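Novice: This is what each chain is made of:
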Amino acid sequence: MLAARESGLLTPVVTRDYAPQDLDERGMWDQCVNLEQQLETSNLRIRDPVLNEYLVGVMQRLLPNQADKIRVFAMWSADFNAAMFPNGMMIVNSGFLARARNEAQLAAVLGHESGHYLRRHSLQGWRNRRATSAVMAFVAVGAGAVSGATGSNWYDLANAINSGLLLSVFRYSRELEGEADSYGLQLMANAGYSPDAASKIWKQLIEERKASAAARKKKYRDGAAAALSTHPPTEERMGRLAADGMFIERAKQSGLTYDDGRERWLAATAALRPAFIDEQVKQNDPGASLYLIESLAVDGWDGTLRYYEGEAYRLRDEAGDADRAATSYAAAVEFPDAMPEAHRAHGYAQLKKGEVEAGRHALGRYLELRPDASDAAMVRFTLGQ
Amino acid sequence: MRFANVIAATVVAMGLSACTSTRQVADTGFKPPQGNYRLIVMQPDISVGVLTAGGGFEHREDWTKQARDHVLTALRKQQANRGGNTTIADTRETAGGDAEMVADLYWLHTAIGRAIRIHKYSPQALPTKKDRFDWTLGMDAVAYGAQTHYDYALFLHAQDSFSSGGRVALQMASALACGFGVCVMPTGGMQQAFASLVDLKSGQIVWFNTLAATAGDIRTAEGAKKMVDELLGEMEPGST
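As given, the protein sequences belong to chains A and B, one line each in that order. The first sequence begins at 1 in the working numbering and counts up by one. The second sequence begins at 1 in the working numbering and counts up by one.
Rather than coming from a laboratory, the hints here were simulated on the basis of the structure. All values derive from a computational prediction rather than experimental measurement. Note that the Cβ used here is the ideal one computed from N, Cα and C, for glycine as well. Check before you lean on any hint, since a few could be wrong.
[What the hints assert, rightly or not] Listed next, with one range per pair, are the computed distances between beta-carbon atoms: (1) A:GLY223 - B:ARG76: 48 to 56 Å; (2) B:THR91 - A:ALA160: 47 to 55 Å; (3) A:TYR220 - B:GLU93: 34 to 42 Å; (4) A:ALA225 - B:PRO127: 56 to 64 Å; (5) A:ALA160 - B:THR20: 39 to 47 Å.
[As the list claims (entries may be wrong)] Chain A stretches covered by chain B per the calculated footprint, using a threshold of three residues with CB under 8 Å from any CB of chain B: (6) 19-28; (7) 147-158; (8) 170-184.
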């Protein structure tokens, strides 16, 4: 498998007309059927038709011959994550969709997950765990038997052997993840996406985590840089993906012009973006949220971003945050796309500062824009006072 | 001589007598359905697989399908002998009602069944659940009953596992180690099942039974019949 990476080109094990033959693989696919039914009817599923059609389109660009075999489920979940199952079912979290900046970054993740599917990593991982855990069980029993028979202590040796075996399981997982990274790059380059988008995702994530740690007065520690980690260290992934020169070269030589698909991406996610950011802000990690909002604003602020910047400050509630939030809300309502909630927040912030007339005006505007809001009665009560 | 003792110990350890235990519990005032009731038996949730040497469960599609077919046959025979109007849903769709709602009820029952086993039966039983049996599938179950006009729904969940060759070898090695004074026996395959009867007028689970067995094979017709008979054969009324 490492040899395949060095030679450069990965080929799919799961081709278009693939059907599982081995008993353990068929068992895994059968279990996935149940899980897929659960996902289909789950109320955590993002059902926006525009987004779902868009995801299908990107998959078709990545895997022209096999995209119909992969079902992408966008799910409400704030973690930056995506998952692949052996039967072609893919989960993409709202936490990832909130952080991706353009279509090329989306393609990087869809490509990585497709790599797991095409190379049967779920099956390989299971077989590795099954075999290794069997050896560990025998080592444990053997230690007991030999210790009992000889009277000396063989448990320390057995534990050392088993610890090594356990770590090997995690190392195997990291190797598979590395292979998926490479396969994802390959798919991206062939589909006309700039391969350096893959490395950028990790750079963004590292910066966000550093901002989060700094805000909590902690040192940034990569959760993936440990022997028990199932994924390679984040810095390493970023570096490897950036340096995977072969793909960058092919990209240059192919003569294709790469666009990162940012406009298409923004159009497809426009309706859901407020909800994505809202979910992130409610995670109570203001360092990360503010970093995310500021980086999304690199191409320009809008009403939604200013409103959520205000929310992040308001919920952080440190010294001076009430004023910062008020400034953000005031900026938000100047934009034509300002949400009704921005007017409400602006109104309450002004009332808090003592600007009664302006505050009442803003709250009135909120009620105009959302007459059947769930808190309309409470807002009217505030106005009545 | 010592070796002979070890062999004897191994033989005894391997030849444990098979035991099946069931424990049913019912809501106060529960009487088994009689007369002209309409019952839907939901598609049984079956999983059959291999217990690996390392202790993992490896689901097997072929065994599961075989077991599901035999369990359905056994259910049909059993329910045919009782009164009432019984429909057996061999697929999710034949249960009728709203597809999403039925799917939700399905998963909810699996979760609640596990919760009942943990909090009513096991050493982790909750003191607040000790003297009562009040579990419900909620208003969705009532809505389903209103849509489909069934009075009761019966849910069944069963899992059967069989030791792999490696697991059996591990057990033999452990049995030998027993001869040397270190005795930790890895478990063999087990059959576990639970079933609930839901009153669709209220959404409450009015009767529940759980089964655990160390022998038996629901992949065969007789094994499936035995499991279904032990799990659902006798519905005792609740305390009054």
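Novice: Any of the earlier hints contradicted here, and which numbers?
Specialist: Going through the list in order, the structure violates hints 3, 4, 8 and respects the others.
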